[in-house]
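Asker: Next come the chains, spelled out residue by residue.
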Amino acid sequence: MGREGEIVTELIPAFEKEHPGIKVEVQQIPWSAAHEKLLTAFVGDATPDIAMLGNTWVPEFVALDALEPLDSLVARSTDVVRSDYFPGIWSTNVVDGATYGIPWYVDTQVIFYRSDLLAKAGYSQMPSTWADWRQAMQKIKSQMSATQYPLLIPITEWRPPVILGVQAGSPLLRDDGRRGAFHEPQFRAAFDFYASLYRDGLAPAFSASEISNLYQEFERGNIAMYISGPWQIGEFTNRLPKEMQDKWMTAPLPGMNGPGVSLAGGASLSLYRRSAHKREAWLLMEYLSRPDVQLRFYKLTGDLPARREAWRDTSLANNRYTRAFREQLDRVVPTPKVPEWEQIATKVFEYGEKAIRGRMTVEQALAALDRDVDALLEKRRWLMSRRKLANR
Amino acid sequence: MSSRESVMDSARQRERMTRVLLYALLVIGAVLALLPMVWMVSASLMPSGEASSVPPHFFPSSPTLEHYTNLFTRLNLGRYFLNSAFVAVVVTSASLIINAMAGYAFAKLRFRGRDRLFRVLSTGLVLPVQVAMLPLFLLLKNMGLINTYWGVIIPGLASIFGIFLVRQYALSIPDEMLDAARVDGASELRIFWSIVVPGIMPILATLSIWTFLATWNDFMWPLIVLSDASRYTLPVALANLSGEHVQDIELMMAGSVLTIIPVMLVFLFLQRYYIQGVMAGSVKG
Amino acid sequence: MARLRIPSEANTAAWFFLAPALLLIGVFFFLPVAASLLLSVTDFDLYGIADPGNTRFVGLQNYSKLLQTPDFWTALRNTFYFAFVGGPLTIAVALGAALLLSSKLVRFKGLFRTIYFTPFVTTLVAVAIVWRYLYHTRYGLFNYALSYVGIGPIDWLGDPQWAMPAIILMAVWKSFGYNMLIFIAGLQSIPEELYDAAEIDGAGPIRRFFSITLPMLMPTLVFVSVVTMIGYFQLFAEPYVMTQGGPLRSTTSVVLLMYEEGFRWWRMGYAAAIAFVLFVVILIATLLQFRLQKERA
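Residue numbers (the numbering used here), protein chains in the order written: chain A, 3 to 394; chain B, 159 to 443; chain C, 3 to 299.
No wet-lab data here; the hints were simulated from the structure. Ideal placement from N, C-alpha and C gives every residue a C-beta, glycine not left out. Where hints are given, some of them may not hold.
Cut-off 20 Å, straight-line C-alpha distance, at most; resulting in silico cross-link-like pairs (EDC-like, lysine to aspartate or glutamate) [as the list claims (entries may be wrong)]:
| no. | chain 1 | residue 1 | chain 2 | residue 2 |
| --- | --- | --- | --- | --- |
| 1 | C | Lys106 | B | Asp167 |
| 2 | A | Lys381 | C | Asp53 |
| 3 | A | Lys249 | A | Glu219 |
| 4 | B | Lys299 | A | Glu38 |
| 5 | A | Lys143 | A | Glu219 |
| 6 | A | Lys349 | C | Asp73 |
| 7 | A | Lys249 | A | Glu221 |
| 8 | A | Lys356 | A | Asp202 |
Under 10 Å between C-beta atoms, here's a sample of chain B residues computed to sit facing chain C [as the list claims (entries may be wrong)]:
| no. | residue |
| --- | --- |
| 9 | Ile256 |
| 10 | Ala316 |
| 11 | Asn375 |
| 12 | Phe425 |
Generate the whole structure from the sequences, applying the supplied hints.
Answerer: As structure tokens, then:
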């Protein structure tokens with residue numbers, strides 16, 4: 003997807019040289035439509051041999067019985083060394099005890115911030131607890147105009163409230179993914195904090211498509227902090243003018259009572275069951291998992307390698323921006339591994355929006371969210387009770 | 159000055175004022191109608207970031223074609239263009255023949271159950287096409303046509319509306335002419351090609367323009383069927399690009415310009431047929 | 003030897019001419035429409051796609067679930083809002099433009115007609131992207147123009163109150179040209195003598211409009227209104243591109259909801275129920291039109 007689709011074509015020739023007789027064709031899909039399109043491709047029996055899957059989608063494709071379990075291949079492989087991967091990341095690919103994807107590159111969310119504005123508010127470092135973070139933002143806000151905001155968290159993204167939820171210790175779903183846990187105290191606490199950011203004017207209630215030019219807003223100081231992933235390092239470096247380059251930095255996320263966890267995102271390489279070229283496909287997956295190839299991919303895309311060994315290279319080890327990501331990657335958790343997760347996540351921000359805009363109280367919103375989530379999971383409960391899933 | 163002359167003068171003055179008012183309204187209307195598109199072209203030529211200026215710029219300070227080149231070199235727009243062109247041309251030409259034959263048959267061929275069949279077919283006009291989309295998708299999936307050009311093309315090959323239009327027009331062909339040809343021994347197909355088709359040329363022109371525009375602009379069905387980006391038609395590609403490049407206003411404007419140009423050209427050069435068709439069809443309505 | 007066709011030969015020829023169209027329409031339109039009803043009484047979804055054995059027959063449960071879902075009522079309300087406000091507005095603008103272009107005092111009719119029709123032929127996605135930016139709170143032209151008359155910036159696409167009006171405005175701009183042409187044709191068919199007679203009787207332009215133009219145009223008006231509204235009930239691309247159905251679902255239309263449930267979440271049985279509701283709504287509107295037209299006659 004996205005740029006990765008363009009870049010990976012550059013890695014292919016070396017692989018094909020190593021394995022003459024294997025020809026690789028790359029199909030690109032834009033990220034915004036990738037989820038729908040991958041499913042459409044599956045439904046339409048038009049699947050490739052390997053797919054790059056957003057790792058939160060792995061459970062869905064496992065439910066469709068689309069993916070090949072990889073444990074035996076991994077055990078025998080010298081290129082794919084399980085222990086060299088970030089544990090939180092690897093676990094996102096494990097569903098019902100079997101591995102269905104090899105982490106290709108990793109992604110998590112950290113804070114990008116204007117270090118000069120933070121310093122002006124009296125902080126030399128990003129705070130690491132919610133309370134301190136809040137205080138810092140309030141300080142920054144007092145030095146801003148009415149249309150400027152310390153933090154930008156688009157109201158139509160599910161990650162911010164979910165991250166806060168897991169930081170507060172919420173399991174998001176309970177009963178082995180059969181029901182929602184959104185009205186329970188942990189998520190409630192996180193959600194109250196999330197809603198307060200908007201209420202107190204620390205974050206603007208914008209949808210993702212309303213921010214026409216994030217980089218301009220950041221440069222003009224209309225925004226001081228933004229939670230995002232590794233690709234922004236490249237974007238900020240390229241789009242912000244030279245004078246700005248020493249005025250921004252990244253930091254791991256603050257958590258409830260100390261450094262916080264973030265979501266284990268990224269992409270995995272998965273093998274489709276229906277593939278007619280599984281042996282060759284696995285060779286490609288092994289190739290792309292080698293630390294040196296991972297490193298090369300990083301240098302071309304800015305996507306962070308999933309192999310810890312690749313991180314020892316100076317280009318990453320000495321990179322002041324990726325340092326926050328390296329630290330955060332040791333503290334990541336996966337999202338619930340149910341096929342319905344994408345739809346549940348959408349409902350999280352929808353009810354979030356309702357609560358923030360005052361259409362419902364937080365209490366009502368979370369209760370309604372759980373009702374909807376329980377309804378969404380009804381089929382899963384039925385299937386599990388028929389022991390169709392448990393026997394996999 | 160006589161009183162009659164002064165009455166006529168004031169009448170002429172009123173007429174002049176009315177005319178000025180009418181023209182003023184027309185010009186304001188024209189500006190409003192064209193403003194979005196003028197701005198679209200203008201912004202597409204602006205250097206990156208200029209479209210987000212306060213106060214807004216109406217004209218580029220230093221016009222650049224970089225966004226257009228970017229679209230073709232980096233973002234593969236040429237491919238999407240070709241996809242749209244392929245689908246539009248195939249659908250337009252094939253559906254023209256298919257709809258024309260059926261429309262003529264309903265108008266001029268006498269066969270059992272003709273009127274009843276036509277009435278049943280007409281009921282389809284009130285069925286919204288979206289109702290068919292879910293099962294149609296599953297049907298095409300079982301035929302292996304999902305994510306293919308044919309999956310986009312085939313559902314558009316016959317249209318009840320097109321058949322309607324042709325039939326309407328073909329009714330005016332004199333039966334005697336056709337019967338005379340039959341008496342002379344010409345086959346039905348021959349009659350169709352040599353007599354009917356030349357006779358219904360205007361409506362065929364209208365129908366083909368209509369079909370081309372509708373197919374080029376079609377969004378929802380290609381969006382649903384195509385998952386492989388290399389097969390996207392322009393509207394689908396544009397919608398996807400706008401999601402990913404929401405920051406690059408000028409780039410997106412250039413994409414919009416390129417998408418609209420073909421249909422604008424077709425319309426501007428062939429508007430006579432198109433407008434005639436709309437207006438002719440409406441008088442009956 | 004020359005002779006006329008005998009009936010059975012005429013039949014064969016006819017079927018030859020009809021076969022491609024009928025086959026295509028039958029298989030790829032009528033059949034799916036019928037199947038939609040069937041789909042709507044099952045819970046066919048992603049699990050069902052993986053293994054049809056995972057599908058259950060659920061009777062009218064999808065429909066009852068639908069009726070209990072606030073999002074569905076919101077979508078229905080939004081769609082009606084769009085159709086019943088956007089429709090008359092489009093028609094009013096179209097009629098106004100048609101009247102302007104039918105005035106005897108005006109030249110360059112063809113030029114203006116073309117200009118006014120241009121928005122109609124443009125690709126909806128392309129112009130939706132342009133309008134999305136014209137509506138931008140900070141950098142858009144609309145708020146810039148409003149600032150000249152002292153009205154503060156409106157968050158067009160971000161304010162649940164203004165998002166649908168914003169989409170309606172764009173839809174009116176885009177669609178009025180088509181109805182305008184139909185009205186021009188209708189106006190042309192009103193006999194000149196009627197106006198002359200009325201003018202002699204001393205009737206002013208406004209009186210003439212209400213006593214002659216409007217009544218003579220009524221059948222066309224009715225027809226155009228219903229057709230326009232049926233078209234507007236199928237609202238999809240504008241919210242998909244401009245607002246993704248937000249903010250707060252204020253621009254989610256019935257078709258958008260169907261698309262989301264059916265092609266994003268693959269709850270196809272449920273989505274088929276939504277599609278069927280759309281069908282019923284449009285059917286009622288169409289029957290209403292027939293009723294009104296019959297009364298006219």
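Asker: All the hints need checking, so say for each whether the structure fits it.
Answerer: Comparing the hints with the structure gives:
A hinted pair counts as satisfied when its Cα atoms are at most 20 Å apart, and C/Lys106 with B/Asp167 qualifies at roughly 19 Å. Distance check on the hinted pair: A/Lys381 and C/Asp53 sit about 13 Å apart at the alpha-carbon level, within 20 Å; holds. Between A/Lys249 and A/Glu219 the alpha-carbon distance is near 14 Å, which keeps this suggested pair within the 20 Å criterion. Note on B/Lys299 and A/Glu38: the hinted pairing holds, with a Cα-Cα distance of about 15 Å set against a maximum of 20 Å.
With a CA separation close to 15 Å, the supplied pair A/Lys143 and A/Glu219 stays within the 20 Å bound. For the hint pairing A/Lys349 with C/Asp73, the CA-to-CA distance comes to about 11 Å; that is within 20 Å, so the pair holds. Of the pairs offered as hints, the one joining A/Lys249 and A/Glu221 holds, with about 9 Å between alpha carbons and a cut-off of 20 Å not exceeded. For the proposed pair A/Lys356 and A/Asp202, the alpha carbon gap of about 16 Å is at most 20 Å, so the pair holds.
Among the interface hints, the one on B/Ile256 holds; its C-beta lies about 5 Å from the nearest C-beta in chain C, closer than the 10 Å criterion. At about 4 Å, the closest approach between the beta carbon of B/Ala316 and any beta carbon in chain C falls short of 10 Å, and the interface hint on this residue holds. Using the Cβ-Cβ criterion of 10 Å, the hint placing B/Asn375 at the interface with chain C is satisfied: the shortest such distance is roughly 5 Å. A least Cβ separation of about 4 Å between B/Phe425 and chain C falls short of the 10 Å threshold, and the interface hint therefore holds.
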